[in-house]
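Novice: All chains should be built: construct the whole structure from the sequences, respecting the hints.
There are 2 protein chains.
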Amino acid sequence: MKIINGGVCAAKGFKASGIHCGIRRNRQKRDLSLIVSETPASAAAVYTTNLVKGAPLTVTKQNISNGIAQAVICNSGNANTCNENGIEIAEKMCGLVQEHTGIPAGDVIVASTGVIGQPLDITPIANGMHELVSALGDNSGYAAEGIMTTDTVKKEIAVEFELGGKACRIGGIAKGSGMIHPNMATMLVFITSDVNISPEMLQKALSTDIADTFNMISIDGDTSTNDMVTVLANAQAGNARITDEGEDFKIFMKALNTVNVYLSRMIAGDGEGATKLLECKVSGARDAETAKTVAKSVICSSLTKAAMFGADANWGRVLCAIGYSGAQVDVGKISCAFSSKSGSITVCKNGAGVEFSEELAKKILLEKEIEILIELHDGGFDATAWGCDLTYDYVRINGDYRT
Amino acid sequence: MKIINGGVCAAKGFKASGIHCGIRRNRQKRDLSLIVSETPASAAAVYTTNLVKGAPLTVTKQNISNGIAQAVICNSGNANTCNENGIEIAEKMCGLVQEHTGIPAGDVIVASTGVIGQPLDITPIANGMHELVSALGDNSGYAAEGIMTTDTVKKEIAVEFELGGKACRIGGIAKGSGMIHPNMATMLVFITSDVNISPEMLQKALSTDIADTFNMISIDGDTSTNDMVTVLANAQAGNARITDEGEDFKIFMKALNTVNVYLSRMIAGDGEGATKLLECKVSGARDAETAKTVAKSVICSSLTKAAMFGADANWGRVLCAIGYSGAQVDVGKISCAFSSKSGSITVCKNGAGVEFSEELAKKILLEKEIEILIELHDGGFDATAWGCDLTYDYVRINGDYRT
Chain F
206 MKIINGGVCA
216 AKGFKASGIH
226 CGIRRNRQKR
236 DLSLIVSETP
246 ASAAAVYTTN
256 LVKGAPLTVT
266 KQNISNGIAQ
276 AVICNSGNAN
286 TCNENGIEIA
296 EKMCGLVQEH
306 TGIPAGDVIV
316 ASTGVIGQPL
326 DITPIANGMH
336 ELVSALGDNS
346 GYAAEGIMTT
356 DTVKKEIAVE
366 FELGGKACRI
376 GGIAKGSGMI
386 HPNMATMLVF
396 ITSDVNISPE
406 MLQKALSTDI
416 ADTFNMISID
426 GDTSTNDMVT
436 VLANAQAGNA
446 RITDEGEDFK
456 IFMKALNTVN
466 VYLSRMIAGD
476 GEGATKLLEC
486 KVSGARDAET
496 AKTVAKSVIC
506 SSLTKAAMFG
516 ADANWGRVLC
526 AIGYSGAQVD
536 VGKISCAFSS
546 KSGSITVCKN
556 GAGVEFSEEL
566 AKKILLEKEI
576 EILIELHDGG
586 FDATAWGCDL
596 TYDYVRINGD
606 YRT
Chain E
206 MKIINGGVCA
216 AKGFKASGIH
226 CGIRRNRQKR
236 DLSLIVSETP
246 ASAAAVYTTN
256 LVKGAPLTVT
266 KQNISNGIAQ
276 AVICNSGNAN
286 TCNENGIEIA
296 EKMCGLVQEH
306 TGIPAGDVIV
316 ASTGVIGQPL
326 DITPIANGMH
336 ELVSALGDNS
346 GYAAEGIMTT
356 DTVKKEIAVE
366 FELGGKACRI
376 GGIAKGSGMI
386 HPNMATMLVF
396 ITSDVNISPE
406 MLQKALSTDI
416 ADTFNMISID
426 GDTSTNDMVT
436 VLANAQAGNA
446 RITDEGEDFK
456 IFMKALNTVN
466 VYLSRMIAGD
476 GEGATKLLEC
486 KVSGARDAET
496 AKTVAKSVIC
506 SSLTKAAMFG
516 ADANWGRVLC
526 AIGYSGAQVD
536 VGKISCAFSS
546 KSGSITVCKN
556 GAGVEFSEEL
566 AKKILLEKEI
576 EILIELHDGG
586 FDATAWGCDL
596 TYDYVRINGD
606 YRT
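Chain order of the listed sequences is F and E.
With the first sequence counted from 1, adding 205 to any position gets you my numbering.
With the second sequence counted from 1, adding 205 to any position gets you my numbering.
To be clear, the hints were calculated from the coordinates, so they are not data collected in a lab.
Wrong hints could be hidden among the right ones.
Because identical chains cannot be distinguished in the list, a pair is counted as satisfied if it fits within a single copy or across any two copies.
Said to hold, decoys possible - List of simulated lysine to any residue pairs, SDA-like, C-alpha gap at most 20 angstroms:
no.: 1; residue 1: K371; residue 2: G346
no.: 2; residue 1: K409; residue 2: D449
no.: 3; residue 1: K234; residue 2: V358
no.: 4; residue 1: K546; residue 2: I415
no.: 5; residue 1: K554; residue 2: P324
no.: 6; residue 1: K538; residue 2: L256
If you're wondering where the values come from, they're calculated on a predicted model, not measured in any experiment.
Specialist: Quick look at the structure:
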């Protein structure tokens, strides 16, 4: 398997575009993106578990209930959530795709991200459709920009691998946290592939993988109303159709995981106000759930996140977060270390502090990517979670007036 | 019932003191407190649920297992947690109380707050005991200061009420969040009373009340390893002993609740870096658990807390936090309002935004005490939770180097 260029356009038969249509005031910011497949594709999606759900999610769920889709349309600048006419507007967006591309409205995935509780005006979207469709091409980067809010970098990746001698590709774009009118961190991920796979197996692959990737990210513990990850697989690679959990499914899963881990790390490292990517690796847990619970609790701890911002090896906060996680652990067996490209340092053994060089610890924690390594010495399971530090800028971005 | 002066010394037969003994470097800061009752008292306590527990909690639990205690000793500056000799040091602190007051070591409640993972030196405590015991008197305020870390105000209250014609009192001191060597927010509350009540009923009163008071506070979602609330009731008021849930128990519960709500609000409003007290009142819930879950989720939302810091009526974040709380609610029925002494404004009805004056909303949210009012229109249960805003200073306090 190798990393390649092209993002969501790397897979055969996919085109994308992203334009500024006028939902966002800043004309330098793209705010409308489109991804289309030449042919109908197997489709799968996972959605936020928030009871307050964006209207686009309801429409998308309905549209891909038959396992087929052919296009993705997504705007930034307005989440189209908690509005009286949200469903109507989301359906209109799908209708506009049909009008301008011929792809049936019922085969369109629709998404929105931005402020909630304000009506989304369809006018700029309708006016921008001609330009959006005309611009379709090898433009994954523009599509990635069109879904950004206060993300500071666009997020895209693609991989190539072989199934039965056929070259196959999976590519994805994602947005993380932050908005011009800050409201909440919506995570959106759109993945394309030319693999031939049944909608059932595609959904199985996605649902299985996100438990270890996107669901292991936390920026601030606030689960958005509009989170969504979708995959389209249009079969153009020409591989034998994947319809069960055989060897090909495993290869596909591995490629999908590579894409999702990459995007998860990018989203975490570009969290609102973040200066560092935090990666918490837990090993030696009695079961997989324990490993995950511990890793997520550490990554979510405001005190740990603030300590990492200050490059402070304050491991007591890590132990504290393990202790209140709800996971069953033997505190007296826990070891903890911090690691980065500047080195690695053990700060706690058997649940108690050990002497360590504060100078080396500081050097390690001043890097941009920090590993928090936790060994529970209680079994053979492990897990990784991703997050970011808590900074002045997080408060600034989210404490600013909307107006 | 009336509010009176005197804190933990308001109840008959209690004396207190607080001194600087040298655990903390700043000689202006008291770091050792003592509360004693003339006579043995019924004792009750509740402890952190964190699996990583401070050594003093283990010793206290053992000492009051018979329902009797007569003194409280507490130091700040070091949590005596995750040390190899923590139990030994905590027991030595109880032994020092016995040596200097004659109160049996087994009748002493011991507590510590401060940095974890560093050994606590018994020397300054031993050297300070003579001064500490000599200073015992009507000094609740000094005792309240001796348990402070980065708290900005001392926290004490007392109430007087009648039981069967006898004047009774309950008083308390508390500490909230923050440390000179910041580590984690430890909440400590020590309550004294001259009411005659059995240890069993005292524990029942405390355990019942904290579910609606101290357990409804959140500063930053990090549950400390050293949280503890204790009550001593020495029977000196001369009321008929409370041994069941009759009318006197109800009056005692109401007085205890008044003390605990007052201290809860003080702790929340003085959270690390806080500029505002947030009070989330949920009504119309289908059951008590739902009301509590919703109120705590809103109070814990980093995005809501940051919006309150910015005086931004960003109600979408409140709805978002309700949605991911895990509570069963009907989103389409939710109303939300913000209120303070400058007025009240409804921002959401039936789960969707309503037009409101941004100017009035800003005026309301610029006050120091903000109410977030949520009506679920789904039943007859309510709950209140307390928290604070998320500010630059929270990040500064917790991002600073320990060294």
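Novice: Work down the list of hints and note, for each, if the structure agrees.
Specialist: Hint check results:
1. K371 <-> G346: neither (26 angstroms within a copy, 78 angstroms between copies)
2. K409 <-> D449: So K409 and D449 pass the 20 angstroms test inside one copy only (10 angstroms; across, 58 angstroms).
3. K234 <-> V358: So K234 and V358 pass the 20 angstroms test inside one copy only (13 angstroms; across, 47 angstroms).
4. K546 <-> I415: Cα proximity of K546 and I415: none, with 27 angstroms in one copy and 46 angstroms across.
5. K554 <-> P324: So K554 and P324 pass the 20 angstroms test across copies only (15 angstroms; inside, 55 angstroms).
6. K538 <-> L256: Classified as between: cross-chain Cα gap 13 angstroms, same-chain 39 angstroms, threshold 20 angstroms.
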